[in-house]
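Engineer: Sequence:
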Amino acid sequence: MSAKVLVVDDAAFMRMMIKDILTKNGYDVVGEAENGADAVAKYRELTPDLVTLDITMPEMDGLAALKEIRSFDSNAKIIMCSAMGQQAMVIDAIQAGAKDFIVKPFNAERVIEAVSKTVAQ
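Residue numbering for the sequence shown follows UniProt numbering, beginning at 1 and increasing consecutively.
These are calculated hints, taken from the structure and not from any lab test. No experiment lies behind these values; they were computed from the predicted model shown. For every residue, glycine included, the Cβ atom is placed at its ideal position computed from N, Cα and C.
Pairwise CB distance ranges, derived in the manner of DEER restraints:
1) Ser71 to Lys24: 25 to 35 Å
2) Ala120 to Arg70: 11 to 21 Å
3) Gly26 to Glu59: 23 to 33 Å
4) Gly26 to Leu46: 17 to 27 Å
5) Ser71 to Asn107: 26 to 36 Å
6) Ala11 to Ala41: 13 to 23 Å
7) Pro58 to Met16: 15 to 25 Å
8) Ser74 to Pro105: 30 to 40 Å
9) Lys24 to Ala88: 25 to 35 Å
Pairs of lysine to any residue residues, derived as SDA-like cross-links and limited to a Cα-Cα distance of at most 25 Å, are as follows:
10) Lys104 to Thr23
11) Lys99 to Ala64
12) Lys42 to Glu32
13) Lys19 to Ser116
14) Lys4 to Lys24
15) Lys77 to Gln95
16) Lys99 to Ser116
17) Lys99 to Glu45
18) Lys117 to Met17
19) Lys42 to Val29
Given these sequences and hints, build the entire structure.
Structural biologist: Here it is in structure tokens:
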């Protein structure tokens, strides 16, 4: 059975890119969200095995969403996505419980490496 993934990014193009990479590699993208508040709601509804979570988003950013999800599911497997130059935010995210991070623009091999490693944990 393939892992169920929730893809969260405020940019539809980025969601489409990561969804394409994941589905081509056998992962089941069960939902998408365009902000942190939506991500928390979808996480509760869909109970995915893994979340890819953008850091910079409107309404609720990725760090706040990460903390919110981990507050009710301490075993949540979340990979943060960030643009270049957001190292401080990435460190905050890892300290808050993110399992890994991937940098935009997405490199398909790096995405799959991060996802397969995190799912296996």
